[in-house]
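Undergrad: Hints given; two lone chains; assemble the complex.
Sequence order for the protein chains is L and V. Under my numbering, the first residue of the first sequence carries the number 1, and numbering increases by one thereafter. Under my numbering, the first residue of the second sequence carries the number 1, and numbering increases by one thereafter.
Honestly, the hints are just simulated from the structure, not real lab data. Ideal placement from N, C-alpha and C gives every residue a C-beta, glycine not left out. A couple of the hints might just be wrong.
[What the hints assert, rightly or not] Now the stretches of chain L that chain V is said to cover, found in silico as 3 or more residues with beta-carbon under 8 Å: (1) 103–113; (2) 116–122.
[What the hints assert, rightly or not] One-sided and incomplete, this derived list gives chain L residues near chain V with beta-carbon spacing under 7 Å: (3) Val-61; (4) Pro-63; (5) Arg-98.
[Said to hold, decoys possible] Derived CB-CB ranges, DEER-like: (6) L:Ala-72 <-> V:Arg-303: 50 to 60 Å; (7) V:Gly-128 <-> L:Phe-78: 54 to 64 Å; (8) L:Phe-78 <-> V:Arg-177: 54 to 64 Å; (9) L:Ala-34 <-> V:Pro-20: 21 to 31 Å; (10) V:Ala-234 <-> L:Phe-78: 20 to 30 Å; (11) V:Pro-22 <-> L:Phe-78: 33 to 43 Å; (12) L:Pro-52 <-> V:Cys-251: 31 to 41 Å; (13) V:Leu-97 <-> L:Arg-98: 39 to 49 Å; (14) V:Pro-107 <-> L:Pro-109: 46 to 56 Å; (15) V:Leu-91 <-> L:Leu-50: 48 to 58 Å; (16) L:Pro-63 <-> V:Pro-107: 52 to 62 Å; (17) V:Glu-244 <-> L:Ala-72: 50 to 60 Å.
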Amino acid sequence: MPIRLAAVAGAALFVSSCQETAVQPQPMAGADPARGRRVIEQVGCGACHLIPGVSWPQGRVGPSLDGFGSQALIGGRFPNRPEILARWVRDAPSLAPRTGMPAMPMTEPEARDVAAYLYTLDAR
Amino acid sequence: MSPPTSTRSTLAEALRGWPPPPLDPAGPHAGAVAALSWALFGMFVAVLLVVVAALLVALFGKPAWRRRLAREKAIWIGGLAFPVVVLTALLVWGLTLTRDLTAAPQPGEMRVRVTGEMWWWRVVYLDGEGRAAILDANELHIPAGTPVTLELEAADVIHSFWIPRLAGKLDMIPGRRNILRIQADSPGVYAGQCAEYCGGPHALMGFVVVAHAPAEFERWRAERLAPPAPPPDAFAARGAQLFETAGCGACHRVRGTGAEGLAGPDLSHVGARRSLGAGILPNNHGALAGWIADSQAIKPGNRMPPYRVLSGEELRALAAWLGSRR
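Isolated chain V (complex conformation) (with noise of 0.2 Å):
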């Protein structure tokens, strides 16, 4: 039996670090919030060293200069024209990249719908008509060097969906839609985390976003949309029948099954995903079947229940089903 390949829990790796990932935009979009960050930073700078220096020299200062500071033109220039004219020009620019970020879609652009649930998120990736494409879940896949657009949406109580190094914070409200825009410059694995607090397990709701090159996510996209594959062998086969069998179609989906629950995380590609629980743990055998056996251990409070009624065999017979799904 050989183990699937992906072992990491990217998101740990991926949230901390120097820079702060907020700091360390990957692509347009967050480049554009960053600059905006960096600017407030040097302004802030700006006016506190000139603050001080006017204190200093209102304290310490030659009476001609402290004379001077006292003027009349003085409090009209510093005290008022200034701060109008660069607190307006900030809002202005806010404003701007706020109204640039959430543009409606483009006729063309490549749109996903991600809803956020307690404490997970779907994902939903439309086609030309947004119908439903491919169904998939705490995973993005998108083409590095394009823009994609996201449609946000709470199925509960409110999230906020937010990849530090890919776009800010955008909230994701019950009955309302909103969009963010996202763009990754090159390949790569980006983390993202709950930003909104939304109960229980909220810090164990993460998310990954994988950047491919253009040739290669068309290969994923055609890998998504081909029929799936049988079990391996004859112990995932077992698996699968145990899949059916404890229920577990009830609440989650897997394509070309009759599993047809949506309640919970679609699994018809479980075996393929960074992580697991929400990106919060590596992606193999042994942790899945930790998961299926008790999950309320690992992300207490979270919509699955234990699984006790399952034999060790049964267990690893199960996570050998679904780490084949690919």
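Bound-form chain L, shown alone (with noise of 0.2 Å):
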């Protein structure tokens, strides 16, 4: 009997885990996505990417970043994690010799905010 039960709570729990996974955001530890939106907005990202949230501008130079946290890749090449994120969004070049993307001028926590904002934009 303990053995069954511990083998529901552990397949419950493995399935809890799957859908929060599944349904919340990325984890950004101490990241603020409203700050991030405004350095986005400061830093003028629209004026390549349409961002949902951003009013104007929306370009067309960059891929579209609606639903951006549910994306696996991020630039059609890394994982799409964090870390490598908060990278990407402040020295793409960095990573990807060859992108259009440039260094952004935004400091180390800036870029954290900016991907805990982006990891905000699920398409659900």
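TA: Take a look at the structure:
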């Protein structure tokens, strides 16, 4: 009986943890999405990207970031993980030397805030 | 690669806030206009109060008071003499003010010709003889505490030049030269906006005035007159070459290169500007690259075509070169 209970509990835990990763945005510890949106407006990411929540500009040079939170890859090459994204938004050429996305003038904490905002853009 | 330092679009910030910029003068010329505005406002409140009081007396007052109000003398004074005197005084005040603000340039005064174009501003600093000394666009640098005379012109349609904290609006009319004097009392950044509908992206036609402390301004002027620096690194040098081969020089001028086009904004010092696209975007490599690749998505209808032939790396090289033109 205890073994069975443990198995059921374990299964439930497994299922619930799966659901959590599927539904919740990726964690970006200590970062503030609202601040990230302000940084996005300040440095003008919209010059190249359509970003939900940023009314203008809505550039068409780079991909639309609608639903970015559930996108698998960054720039079509790197797994969409928080630490990679925070580096990408700040200095993409250091990861992909041939990319069209330039290094953007923001600090590391600001880059983490920007990443946190992008993870709120979940296509649901 | 270090990104340029100016990252703020000053326009949006400077046109909002409390008190509203037109009522928050930063120099004597805007101050005189604001004083007149407040006088008109005060007058309007006083007249409103008197009229409402008279109305209340006429409706509910004691018979003796009502008779007084109906006398011929009250009509002559309140209905004729008072408006004639007050309105004439305000008219004289307004006309004198306009004359002082638009008087012809004095010898020795700093003169800058600003031309409204669809949808940006051509800025030409004139020397003592009225010849073009420094070419720039969308941004005006002035010494604080000194009046500067602006010669306002238009290249195509009517625009209106308006830096709310420094002066009132003045139209830019094709075929005419209007004179406007501005002065900033202290160093700072003052935003402006085209105030006359001039077609398509009129709302995206902003302007920035940067007032420097006098010594700082002299340093700025010396920098602008010094020979242009070579590209800082190989990547920027590649951008310079791309600028030439892509034909950007047909419309844009960059001092010290073969690019001599005058149809679009002068880019000799574009990297030093506070904003891009005429006061609308922050100035950094990303916004530069995005503007070059497809400015039509940002400012629809503007005269610059999208450059879809350039690779991502080439766009970044161009941005690095232009960002280094300071």
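Undergrad: If a hint holds in the structure, say so; if it does not, say that too.
TA: To see whether the hints hold, each was checked on the structure:
1. Requiring three or more residues with a Cβ within less than 8 Å of a Cβ of chain V, the coverage given for the region 103–113 of chain L holds, as 3 such residues are present.
2. Here's how the region 116–122 of chain L fares: 0 of its residues keep a CB closer than 8 Å to some CB of chain V, so the rule of at least three is not met and the hint is violated.
3. Interface restraint check: Val-61 of chain L against chain V, minimum CB-CB distance 4 Å, threshold 7 Å, status holds.
4. Interface restraint check: Pro-63 of chain L against chain V, minimum CB-CB distance 12 Å, threshold 7 Å, status violated.
5. The criterion of a C-beta within 7 Å of any C-beta in chain V is met by Arg-98 of chain L, whose closest approach is roughly 5 Å, and the hint holds.
6. Range check, Ala-72 of chain L to Arg-303 of chain V: about 40 Å between beta-carbon atoms, so the 50 to 60 Å window is missed.
7. Taken as a hint, the range 54 to 64 Å holds for the pair Gly-128 of chain V and Phe-78 of chain L, whose Cβ atoms sit roughly 59 Å apart.
8. Judged by the Cβ atoms, the range 54 to 64 Å given for Phe-78 of chain L and Arg-177 of chain V holds: they are separated by roughly 57 Å.
9. Against the hinted window of 21 to 31 Å, the Cβ-Cβ separation of Ala-34 of chain L and Pro-20 of chain V comes to about 26 Å, which satisfies the hint.
10. The hint said 20 to 30 Å for the Cβ distance between Ala-234 of chain V and Phe-78 of chain L, and at roughly 26 Å that hint holds.
11. Distance hint check for Pro-22 of chain V and Phe-78 of chain L: the Cβ-Cβ separation is about 50 Å, which falls outside the suggested range of 33 to 43 Å.
12. The supplied range of 31 to 41 Å is met by Pro-52 of chain L and Cys-251 of chain V, whose beta-carbon atoms lie about 34 Å from each other.
13. Remark: the range hint 39 to 49 Å for Leu-97 of chain V to Arg-98 of chain L is contradicted by a beta-carbon distance near 60 Å.
14. A hinted range of 46 to 56 Å for the beta carbons of Pro-107 of chain V and Pro-109 of chain L is consistent with their spacing of about 54 Å.
15. Range check, Leu-91 of chain V to Leu-50 of chain L: Cβ separation about 53 Å, and the 48 to 58 Å hint holds.
16. With their beta carbons about 58 Å apart, Pro-63 of chain L and Pro-107 of chain V fall inside the hinted range of 52 to 62 Å.
17. Checking the proposed 50 to 60 Å range against Glu-244 of chain V and Ala-72 of chain L shows it is violated: the Cβ atoms sit about 41 Å from each other.
Checked against the numbered hints given earlier, this structure breaks hints 2, 4, 6, 11, 13, 17; the rest are met.
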